[in-house]
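Engineer: Read off the chains here:
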Amino acid sequence: MDVKTVRDVAKFAHIALTDEEAERYCKDLGDILSYFELLNEAPECGERGVNPILVEDIVRDDVPKVEFDADELLRDMDTYDRYVRGPRLS
Amino acid sequence: MSMDSVMKDLKAINAKYQMFHTMSDDISAGDAKFLFSAKDNLTSKDMETCAGSRILEGYHPVFDATCISKLREAGGKLVGKTNMDEFGFGTFSTNSGFEVPRNPYDLNRACGGSSGGSACAASVIEDHMSLGVSTGGSICCPASFCGVYGIAPTYGRVSRYGLIDYGNSLDKIGVISQKATDLKKYMEMIAGKDEKDPTSMVQPDFKTAYRKMRSVAIPKEGIEGLSKEVEAVFKDAVEQLKSMGVDVDYVDMPSLKYAMPAYYVLATSEASTNLARYVGMRYGHQEGDHSLKFDDYFTEVRSKYFGDEAKRRILLGTYARMAGFGGRHYAKAREVRQVVINDYKRVLETHDAVLAPTMPFTAPRFDDISKMSALESYKADYLTVPANIAGTPHLSVPCGYDSNGMPVGMQFVADHWNEDVLFSVAEDWEKQFDLRRPEMSI
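Taken in sequence, the protein lines are chains Z and A. Counting from 1, position 65 in the first sequence corresponds to residue 65 in the numbering used here; the numbering is continuous, with no gaps. Counting from 1, position 427 in the second sequence corresponds to residue 427 in the numbering used here; the numbering is continuous, with no gaps.
Read the hints as simulated data drawn from the structure, not as lab findings. Careful: at least some of the hints might be erroneous.
What the hints assert, rightly or not - In silico lysine to any residue, SDA-like type, Cα no more than 25 Å apart, as pairs:
no., chain 1, residue 1, chain 2, residue 2
1, A, Lys-257, Z, Leu-89
2, A, Lys-196, Z, Glu-56
3, A, Lys-70, A, Ser-28
4, A, Lys-379, Z, Ser-34
5, A, Lys-185, A, Arg-214
6, A, Lys-293, Z, Met-77
7, Z, Lys-27, A, Tyr-305
It should be emphasised that the depicted structure is a prediction, and the values quoted were computed from it without experimental measurement.
Let's have the full structure, built from the sequences with the hints guiding it.
Structural biologist: Written as structure tokens, this is what we have:
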């Protein structure tokens, strides 16, 4: 792990780092990733579940309904004319 | 302590222990049948929900989490939302964007994490049940440090609808209380299928009939690295279990040492994707500079309001999912999860539960926690992580006290969907265990 990699990952994750943070996380991540190397010697079993239990795809009936009032949902949001305000796209 | 007097004293209790981030303003219990609190990562319609994170300040959900709505329907009154590590990222509840709960037995020590405020409330307030959430040990760890009972049920037993996700394949909602008998009583209310959470839909019936625990297996890997005092208290507790008619065997579970790195790969990978939604729009803080381009706006808000540990786990999880590294470790971590499950299944074919101390030490002092590195703090979870990665139900009971009077806990782990045997052993244990309530003065 090096500071440049930490900065690249942070940019991807939308996190701005000060120089002090970049140095600190670089050391922490280096220590933690070294510890992860223990996985290399772990036994294998050929199975890779996504969940710890078996999960079946169960879908509910497609019944149209209004679950939440739109104005209530927008109550805490920064809006104008019932649109959510956001930053510029370009 | 009547429910009305609890309501009247709530603010004074909180001033001393800081278990609640948000509290009810009511000074009477009204016609409530019982009072409860909930970890602040469970959405509640009438109380702000922040999950311990400043990025969610001002978020008022428009719906109750399924577990909260079920308790309200049963006559429960939600009295407060409890302090926690930000999004559940921690072992001591010190990684909070807000208040840090204080241990009821020594205010200079931590409550454990990440459901620290919940365990604190359950320990301090009489006849109080608190909802906790466990991803890697966040119910049993604080239950152990605060001298109370806590259960994290099988993954999928309680609907996660309304839970602010940390790691979707790991999160479990459970119950913390002073009384072992409360665990079954309240779990029965919140368990069950919910079409809003597909992972809850495959569960078999929730069994509540008494089923005596006849045998436990103690993994050699679960009694390594303990403090001398925890080791001694646990040894006495095992003798006590034997006298209750429980057979005790010592076994090898070699997979347990790989559970920790696998857990942190899976948990941070899932967390880093879950937290991508917090960008200063729709929830919480939204006062960023809208003249910025969206990438810069998101970065500004996230950098300002995420705490130190949240940033660390986002970076770790983002890196773990990246091409190259991810191919090596993420796939292997998923396989290790299955190896750990297989190891539990093998041992539980011939035993009712796997037993070990819940935590390797008693609640540490805040000044000692501040000196721990991130990795040292992660490694403190080595006893609670295996059952969490396996999704197996686990229950912590208070089993003694160290020379400073701090509680020690031990944790039983049963096979998937076998919560009944855990309730039974906890209730049997409670009948003979001399629980020392913390001295409380407000």
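Engineer: Against this structure, judge whether each hint is valid.
Structural biologist: Hints versus structure:
A threshold of 25 Å between alpha carbons decides the hint, and for Lys-257 of chain A with Leu-89 of chain Z the separation of about 47 Å lies outside it, so the pair is violated. Proposed proximity of Lys-196 of chain A and Glu-56 of chain Z is supported: the alpha carbons are some 14 Å apart, at most 25 Å. Taking the CA atoms of Lys-70 of chain A and Ser-28 of chain A, the gap is near 21 Å; set against the 25 Å cutoff, the hint holds. Distance check on the hinted pair: Lys-379 of chain A and Ser-34 of chain Z sit about 13 Å apart at the alpha-carbon level, within 25 Å; holds.
Proposed proximity of Lys-185 of chain A and Arg-214 of chain A is supported: the alpha carbons are some 23 Å apart, at most 25 Å. Note on Lys-293 of chain A and Met-77 of chain Z: the hinted pairing holds, with a Cα-Cα distance of about 19 Å set against a maximum of 25 Å. The hinted pair formed by Lys-27 of chain Z and Tyr-305 of chain A meets the criterion: a straight-line CA distance of about 22 Å does not exceed 25 Å.
Consistency with the previously given hints fails for number 1 only.
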